[in-house]
Amino acid sequence: MKNRHKMLIAAAAVVIICTACGENDNRPLTVSTTGNAVDQVIQDEINKANEASADPAPAQEPESASTSGSTPTPADVPTPEIDVTGQENFPESDVDIDLTLMGSDMIYATVYQFMYDPFTYEGKTVRIKGNYYPTYYEPTDQYYQYAVIQDATACCSQGMEFVWDDGSHVYPDEYPAEGTEVVVTGTFETYKEEDLLYCRLADAQMEPVR
Amino acid sequence: MQDIAGNLQFYFSFPFVKYALIVGVLIALCSSLLGVTLVLKRYSFIGDGLSHVAFGALAIASVLKLADKNILILPITVITAILLLKTGQSAKIKGDAAIAMLSVGALAIGYMLMNIFSTSSNVSGDVCSTLFGSTSILTLTSDQVILCLVLAVIMIIMFIVLYNRIFAVTFDENFVTATGGSANTYNLLIAIMIAVIIVLGMNLVGSLLISALIIFPALSAMSILKNFRSVVICSAVISVVCALAGILISILFSTPVGSTIVICDMVVFLICFGIRKVAGE
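Chains L and V are the protein sequences, given in the same order. Throughout, our numbering is defined as the position within the first sequence, counted from one, plus 2. Throughout, our numbering is defined as the position within the second sequence, counted from one, plus 4.
Chain V on its own, in the form it takes in the complex:
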């Protein structure tokens, strides 16, 4: 135990470990706040689809050799999120089919571009790092941390300010419309927020695992609590604790960061699920 404490103390002397913890906590917090809404609105798979689109956008940004890849990734992911919601409302291609189509299409295009127009000597390493996060959370610069901090604060403020509207649009879009609001506008806003969170979260757990950050804490909280506000708060706490635990475990025991965080989320979900079973529900 003393060894672990000693190692942690040693590792915390490096700024990039502090950066990883700050960004990890912020991303986990943001993703969990909207996770509850997404799960309740049956939009869980949107996160997965968008993360694959973000991967494709990253590949294009790499080919174009953009210094700041977010210039391209963020708008493409946001636009796709908007298109997915619009497509979901039209009848030509149903929502789930559109997501699946975009998801695999973007993955294929991304991988193809990274191979054909490779700018790196280690394509498999780049792909692995982008899809699974690898150790990219430990390679953040101070600029990236500030960017993440700003975006996360905006997300949290928007969630708090629009809490009542998000609550209403989650359960009853007609009620929002009847009270003078626009359900479409709030759905659009949720889609934009999710797109931003996914772009941020790619650094933490990679594009394939980001939906786990959105879904697992929400499902865990919903297993043991029923009230919307309690579920949101519990989900946020679970997500932050799992992200912290995952990052610390991974740097102490040299496991991949993204997978470790997701496994922590899974363990908590199983515990919550067990509690519900024991409670007899």
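Same shape as in the complex, but just chain L:
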């Protein structure tokens, strides 16, 4: 009886250790939610924006994508006329995953799934509500546009990149001010840049929440 118990304990210990080591690492190529360069930049931008809002001192001008002269900050520019045709281009029935209908926990979890397993969602039409933040990434000399969602505990955020229409809109003239709450509807797609996989909402319609 004693030996049987000892054997059971030993067997259980072996199984526990083996199962703990047994998680497959053959997951598909996924988008890192923490480690890629653009995410790092967007997080820095959010931190800077938070600090700026807490600090009454005037905010520093962001770098412009434009090569000529100084450009007014998005906050200084009167909110432009935003194309609000999103609802018409994407009627509710055509939206596969509508995050505007979800609570913040579910939104966070769903966006996490987009990042973890992007191929499952490729080609789906997604509607998302978040705060608009642009970020400039020097190596590619490009501005990237994000809708950033906070989770329920307000300590974690997920940013979803989007390309407004065909990407021809000029930043910052045509974009809303940083931090503006926007609804973005677009087609989920993945793309590679610098050998890293990213995902975004392509051909997206963006409208600010009034």
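Take these hints with a grain of salt, some might be off.
In silico DMTMM-like links for lysine to aspartate or glutamate, alpha-carbon gap of 25 Å or less [said to hold, decoys possible]:
no.: 1; chain 1: V; residue 1: K22; chain 2: L; residue 2: E124
no.: 2; chain 1: V; residue 1: K22; chain 2: L; residue 2: D119
no.: 3; chain 1: V; residue 1: K69; chain 2: L; residue 2: E196
no.: 4; chain 1: L; residue 1: K131; chain 2: L; residue 2: E191
no.: 5; chain 1: V; residue 1: K22; chain 2: L; residue 2: D98
no.: 6; chain 1: V; residue 1: K69; chain 2: L; residue 2: E195
no.: 7; chain 1: L; residue 1: K194; chain 2: L; residue 2: D143
no.: 8; chain 1: L; residue 1: K131; chain 2: L; residue 2: D100
no.: 9; chain 1: L; residue 1: K194; chain 2: L; residue 2: E140
no.: 10; chain 1: V; residue 1: K69; chain 2: L; residue 2: D197
no.: 11; chain 1: V; residue 1: K22; chain 2: L; residue 2: D100
no.: 12; chain 1: L; residue 1: K126; chain 2: L; residue 2: D96
no.: 13; chain 1: L; residue 1: K194; chain 2: L; residue 2: D98
no.: 14; chain 1: L; residue 1: K126; chain 2: L; residue 2: D98
no.: 15; chain 1: V; residue 1: K69; chain 2: L; residue 2: D119
no.: 16; chain 1: L; residue 1: K131; chain 2: V; residue 2: D7
no.: 17; chain 1: V; residue 1: K45; chain 2: V; residue 2: E177
no.: 18; chain 1: L; residue 1: K126; chain 2: L; residue 2: E183
Note that these hints are calculated values from the structure, not bench results.
Model the placement of chain V on the given structure of chain L, informed by the hints.
Leaving out everything else, chain V in the frame of chain L:
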């Protein structure tokens, strides 16, 4: 009410919500089974200490960029559990002091490592998520669910097979020794099982709140029942119901999952405590 039912139906179409419910129920069940033994043996604080050690181990695993962090977290937590029990038997550092020392030490080391060797752009978010669970239960993958399922089944089978021995070692270690068993071996086994449950439970409620899952259901059941078997069964039912309610409430009303489950456990404890008072005991 129809809105709530509609929302639930909509949310259940996502696999990760089903995963969260499955894992939540399994962790709640496992933690409650051993919770009664821990409370009765005055080991309640061990769960808290081990969860902080698991946090420290997680920080080391993050720094080492391990793909599967459990490879490191599980052995470290198990070894610490064994050391804590051994230390409790020696006189140099008393059990409660050893637990407190390890607990705060591991927290400090973990936080320090996560800050100095940060692999993430959002350290505070990672720390918050690890300590309080945040919404991590809703971000489980199918592999993690299978791992949890296997470990939970092992835990439950071991508890059922060793029920009589666990009962004996809970109340009278001398009796176990006298009947040819080894109390130390069973204490060791309980420590290992608790360590595994804590590692699993970190996904559900985070490392700071995991001891609530172990203690509250046991205390609630012990408030209204006296028989060991009834207390264990009642504790399991309370724990599973609270975990389910907590997860559903949190996804419906966008509250943090871990805190919501613990608050459900607290409410049930207060109800049970009230029932005992009303019953005049």
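Going down the list of hints, with the structure as the test:
no. : hint                 : result
1   : K22(V) with E124(L)  : holds (22 Å)
2   : K22(V) with D119(L)  : holds (17 Å)
3   : K69(V) with E196(L)  : holds (21 Å)
4   : K131(L) with E191(L) : holds (18 Å)
5   : K22(V) with D98(L)   : holds (19 Å)
6   : K69(V) with E195(L)  : holds (23 Å)
7   : K194(L) with D143(L) : holds (16 Å)
8   : K131(L) with D100(L) : holds (9 Å)
9   : K194(L) with E140(L) : holds (17 Å)
10  : K69(V) with D197(L)  : holds (20 Å)
11  : K22(V) with D100(L)  : holds (19 Å)
12  : K126(L) with D96(L)  : holds (9 Å)
13  : K194(L) with D98(L)  : holds (24 Å)
14  : K126(L) with D98(L)  : holds (6 Å)
15  : K69(V) with D119(L)  : holds (20 Å)
16  : K131(L) with D7(V)   : holds (21 Å)
17  : K45(V) with E177(V)  : holds (10 Å)
18  : K126(L) with E183(L) : holds (23 Å)
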